[in-house]
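Peer 1: Heads up: the sequence lines are chains A and B, in that order. Quick note on full-length UniProt numbering: the first sequence kicks off at 1 and runs consecutively. Quick note on full-length UniProt numbering: the second sequence kicks off at 1 and runs consecutively.
Source of the hints: derived by calculation from the structure; they are not laboratory data. Don't be surprised by glycine CBs; every beta carbon is placed ideally from N, CA and C. Do not take every clue at face value.
The following label-pair restraints were derived from C-beta to C-beta distances [what the hints assert, rightly or not]:
no.: 1; chain 1: A; residue 1: Arg263; chain 2: B; residue 2: Leu204; range: 53 to 61 Å
no.: 2; chain 1: B; residue 1: Ala38; chain 2: A; residue 2: Glu205; range: 48 to 56 Å
no.: 3; chain 1: A; residue 1: Glu326; chain 2: B; residue 2: Ala238; range: 39 to 47 Å
no.: 4; chain 1: B; residue 1: Lys190; chain 2: A; residue 2: Thr317; range: 24 to 32 Å
no.: 5; chain 1: B; residue 1: Thr201; chain 2: A; residue 2: Glu326; range: 42 to 50 Å
no.: 6; chain 1: A; residue 1: Leu129; chain 2: B; residue 2: Ser90; range: 37 to 45 Å
no.: 7; chain 1: A; residue 1: Leu129; chain 2: B; residue 2: Gly44; range: 12 to 20 Å
no.: 8; chain 1: B; residue 1: His259; chain 2: A; residue 2: Glu236; range: 25 to 33 Å
no.: 9; chain 1: A; residue 1: Glu326; chain 2: B; residue 2: Leu204; range: 42 to 50 Å
no.: 10; chain 1: B; residue 1: Gly44; chain 2: A; residue 2: Tyr189; range: 35 to 43 Å
no.: 11; chain 1: A; residue 1: Gly12; chain 2: B; residue 2: Asp296; range: 53 to 61 Å
Here is how the chains run, residue by residue.
There are 2 protein chains.
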Amino acid sequence: MPTINDVAKAAGVSPSTVSYVLSGRRPISAETRARVQAAIAELGFHPHAGARALASSKTNVIALVAPLRVDVNVPVIMQFATAVVTAARSYNHDVLLLTKDEGTAGVERVAHSTMVDALILMDLERDDLRIPALRRLKQPSVLIGLPADHTGIACVDLDFGAAARAALTHLAGHGHRRIGLVGPSPAVYKRQTTYADRFLTGFLEASVDLGLQTVTHPCEPGAEGVRSCMADLDAELAGLTALVVHNEEALRPLLDLLHATGRRVPEDVSIVAICPRDVATAMPVNLTSIDIPAHDVGTLAVETVMRLLDGRRVEYTRLLEPSLVERDSCSEISASHR
Amino acid sequence: MPTINDVAKAAGVSPSTVSYVLSGRRPISAETRARVQAAIAELGFHPHAGARALASSKTNVIALVAPLRVDVNVPVIMQFATAVVTAARSYNHDVLLLTKDEGTAGVERVAHSTMVDALILMDLERDDLRIPALRRLKQPSVLIGLPADHTGIACVDLDFGAAARAALTHLAGHGHRRIGLVGPSPAVYKRQTTYADRFLTGFLEASVDLGLQTVTHPCEPGAEGVRSCMADLDAELAGLTALVVHNEEALRPLLDLLHATGRRVPEDVSIVAICPRDVATAMPVNLTSIDIPAHDVGTLAVETVMRLLDGRRVEYTRLLEPSLVERDSCSEISASHR
DNA sequence: TTGAAAGCGTTACCAG
DNA sequence: CTGGTAACGCTTTCAA
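All chains should be built: construct the whole structure from the sequences, respecting the hints.
Peer 2: Right, dumping it as structure tokens:
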């Protein structure tokens, strides 16, 4: 493999000139630049990433810490990852993929060994143990999520509180007064994953503000989980006319259950789902939904990283406005249900 | 950040000794080792990855090139990625995540700039343009898939041909003689994704060998795609009693369709699915299935990479035996259908 | 069993 | 506008 010195010799210039042609960090005469670029092309020169990192203290790599369990939410995670990688590439950066399983040790390892310039973490918990560790790193971090104390660390996410409110407002606008929340799985609540908490809080607050009767319940995965969740909701609040579903996995079995028990959507039960757009439209009933804008959030996370690396100012809490798209799963409440 | 020299001073040894303590590449007296390790711990020393890469020509990073479209197969891809990252970590390597979208340029970029020691690629096409490029790299590659000409490049995958044969053999053993294949989407065939071709070829060959009447059809995503696929299958071969489904997305809508049209599973139609285990068991009917062993394949790919990096011999084509798990979607054909 | 020192390939500072 | 040359932090050969 040719080195920068080989290129310099071939072009009849000094290595530093080659470096400056590459980086554009100082003016180079058109003629010299041309000679250098010709030499680079001819020799097939590619700068050595390690040498660069050593000399410049920049790796042009960012870490992405993802929850790689074969758990819930797989498509959403994939969308985040895709957005992050794509956006990173547009800034000439690459992405090192870590699993959340490695915990604090993982982020410290890659940061301390100077493998990355910055970190993006997803699936944060309320009191995430990694946060104090992140504060000690010399590299900046951006979180996808909003843990309790994130002082000094940039956070990006959908505004799940506002999303819950938007869902209830929409249903209330259609006359619904008795509404159930099919929540994420108990495991998600147990981990205190921040989006679940924020959604629930927003849901409860909006219930009060809008004068609604609501009931909430987590929902185990699988048909059986959905059945028991619905049984609980029905038992705790008779005459439910609408459901808010914050659980991607549950959507399909829920629709099956409603169908099997003769409750039509939207005639008997209206539904607002919180899920990616394509999930909402892949159901037997086209679901009115609030999108989880994984692409936007991922892209924004990368943009925030880049600002941080450039030493520019960033907003430390950036919550994206939810947007509800009306489809076919909500109807005006019928007179008989009032 | 402390350097190896700081550690050396603190421990009263030379930098090379510290290096050897770290790498274990030469014997060190217990006493010296202890002093060095104490110094490392006290100073919180972590070797600089770039410096290491520069001096040793090893990055301890492998590239994973994944199809990050928000396309089909999302869960399977996720399982591969998880397995690869986990296995790589167990060999003290990290994973750089690339998208297939970058194509040849992407693999060349990371390889030429010495960001990685090896590459793992998934979602290979029959005549994949990247293969000639891979051959020119100094880093070894391992493919998850089996393109037409992979001379000199290690490939790992499920034996999809054998999987097709196993599915048909199972059904034939239950007396079925008229069998349809619900294939992947036309897009997958168009890309000539290797697993689709291999499955189809195996299916056709086994049909002949077993004396079966079969008919095959790709299947567009969505309920409509499934409907039209089934219509075609039924039209081309009357009296189908069994289906082989090589299309994860189609499973759910297919079961819905069969239910809606009054064809019971397995009483009227038997089904063998090719999909991850958890997908098979998440359906309304527990499906008899042939697992896509993403975890095993991903792990094996990493093991192969490590052997290659160690200069050990590897098998250049490693196709994992399919294993069919019997569940509730296949029955002996009833007399009326014979 | 240990040390000394020559690289590894860039960058960026100091000169001119 | 360009060149020379210390770093950057580690590994590894050569010597002892």
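Peer 1: Confirm or reject each hint.
Peer 2: Okay, the hints, checked on the actual structure:
Our hint of 53 to 61 Å for A:Arg263 and B:Leu204 is violated, since their Cβ atoms are close to 46 Å apart. For B:Ala38 paired with A:Glu205, a C-beta distance near 54 Å keeps the hint of 48 to 56 Å intact. Between A:Glu326 and B:Ala238 the Cβ separation comes to about 44 Å, which falls inside the hinted range of 39 to 47 Å. The hinted window of 24 to 32 Å between B:Lys190 and A:Thr317 is violated, with their beta carbons roughly 45 Å apart.
Judged by the Cβ atoms, the range 42 to 50 Å given for B:Thr201 and A:Glu326 holds: they are separated by roughly 47 Å. Distance hint check for A:Leu129 and B:Ser90: the Cβ-Cβ separation is about 23 Å, which falls outside the suggested range of 37 to 45 Å. For the pair A:Leu129 and B:Gly44, the beta carbons lie near 19 Å from each other, so the given range of 12 to 20 Å is met. At about 31 Å, the beta-carbon gap between B:His259 and A:Glu236 stays in the expected band of 25 to 33 Å.
Checked against the hint of 42 to 50 Å, the pair A:Glu326 and B:Leu204 passes, with Cβ atoms roughly 47 Å apart. Between B:Gly44 and A:Tyr189 the beta carbon distance is about 36 Å. The supplied range of 35 to 43 Å therefore holds. The supplied range of 53 to 61 Å is met by A:Gly12 and B:Asp296, whose beta-carbon atoms lie about 55 Å from each other.
Violated hints, in rising order: 1, 4 and 6; the structure is consistent with all others.
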